[in-house]
Amino acid sequence: MRLTCARRAALSGLAVLAFLPLAACGQAGAEGSPAQAAATAQVGPAVKSALGDLEELERTFGARLGVYAVNTGDGREVAHNADERFAYASTSKAFLAAAVLREYTLRGMDKVIRYSPGDLVDYSPVTEKNVDTGMTLRDLCDAAVRYSDNTAANLLFDALGGPGGLAAALAEVGDTTTTAERREPELSRWVPGETRDTTTARAWAGDLRAFVLGDALGEDEREQLSHWLRTNTTGDELIRAGVPKNWTVGDKTGTGSFYGARNDIAVVWPPDSAPIVMAIMSHRLAKDDRFDNKLIADAASVVAKALS
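Under this note's numbering, the first residue of the sequence shown carries the number 2, and numbering increases by one thereafter.
These are computed hints drawn from the structure, not numbers from a lab. Check before you lean on any hint, since a few could be wrong.
[Stated by the list, open to error] Simulated pairs of lysine-lysine, DSS-like, Cα-Cα distance not exceeding 27 Å:
hint : residue 1 : residue 2
1    : 130       : 112
2    : 49        : 306
3    : 246       : 306
4    : 49        : 246
5    : 49        : 295
6    : 295       : 246
7    : 295       : 306
All values derive from a computational prediction rather than experimental measurement.
Please construct the entire structure, taking both the sequences and the accompanying hints into account.
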């Protein structure tokens with residue numbers, strides 16, 4: 002499953018990546034079937050109601066939502082502006098960790114990465130405490146996913162050969178929609194019309210499904226990524242707040258620098274039911290607008306009601 006240096010170099014020059022849905026490498030997984038995929042073409046009353054509710058949330062919050070969610074058991078989906086580009090911001094850290102697991106495997110995650118005070122960027126609550134000792138790839142992934150540490154993310158970029166390494170890992174699972182060009186914190190500086198470091202809700206949900214539920218990672222690596230997502234410390238007010246309390250949520254949040262951009266992506270496990278994969282992305286209308294976590298929580302509640 003590891004990318005060779007030559008393979009990575011050949012793919013790292015990709016500027017724009019387009020998503021091929023569940024039939025793509027790694028994204029079908031054991032939990033999908035042709036019959037389930039065919040069910041996605043059927044839009045029942047609950048899904049129609051959900052789409053109206055999402056439009057109402059946009060009006061209420063003065064925001065634009067991009068939502069894609071799929072019940073992996075029966076193929077039902079909710080898609081609202083699902084193919085529109087949004088800045089992915091720090092949600093990309095989930096895929097940086099996935100790409101590092103894919104490249105190095107668990108056996109290589111004890112490699113120590115050294116860095117200096119000059120490498121620190123804004124919002125690095127974990128890496129700023131470990132400059133003298135360095136950190137293992139495992140601990141950098143933990144810091145990036147669970148605490149959204151920006152320097153940890155940049156060091157993971159380094160381990161992959163830069164943003165092109167992330168692009169290559171996404172291409173390997175069939176994503177040719179997402180663009181990956183900058184590091185932290187620049188990648189979060191989205192303005193209208195910007196296509197760098199953007200994706201769609203449909204593509205991002207497909208990637209999450211591939212790495213957490215599909216075969217894009219080995220079993221041990223997949224379980225490690227799932228553990229980081231399930232123990233994320235930054236998402237209590239977002240998707241977690243919008244679904245029933247007895248559902249297990251593995252998520253990664255993201256916040257843009259401008260336009261109140263706010264995202265959360267998750268695999269959600271209802272009790273005794275197939276997982277639901279959600280990507281909820283948003284921005285507001287003015288550059289200085291602030292985000293409201295309740296928008297994401299309310300959107301997650303709409304999705305959960307429609308697909309459970």
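Verification of the supplied hints:
Proposed proximity of residue 130 and residue 112 is supported: the alpha carbons are some 18 Å apart, at most 27 Å. Restraint check for residue 49 and residue 306: the C-alpha separation of about 12 Å stays at or below 27 Å, so the hint holds. Distance check on the hinted pair: residue 246 and residue 306 sit about 13 Å apart at the alpha-carbon level, within 27 Å; holds. Distance hint between residue 49 and residue 246 is fulfilled; the C-alpha atoms sit about 25 Å from each other, no more than 27 Å.
Distance hint between residue 49 and residue 295 is fulfilled; the C-alpha atoms sit about 22 Å from each other, no more than 27 Å. The hinted pair formed by residue 295 and residue 246 meets the criterion: a straight-line CA distance of about 16 Å does not exceed 27 Å. Restraint check for residue 295 and residue 306: the C-alpha separation of about 16 Å stays at or below 27 Å, so the hint holds.
Consistency note: the structure conflicts with none of the earlier hints.
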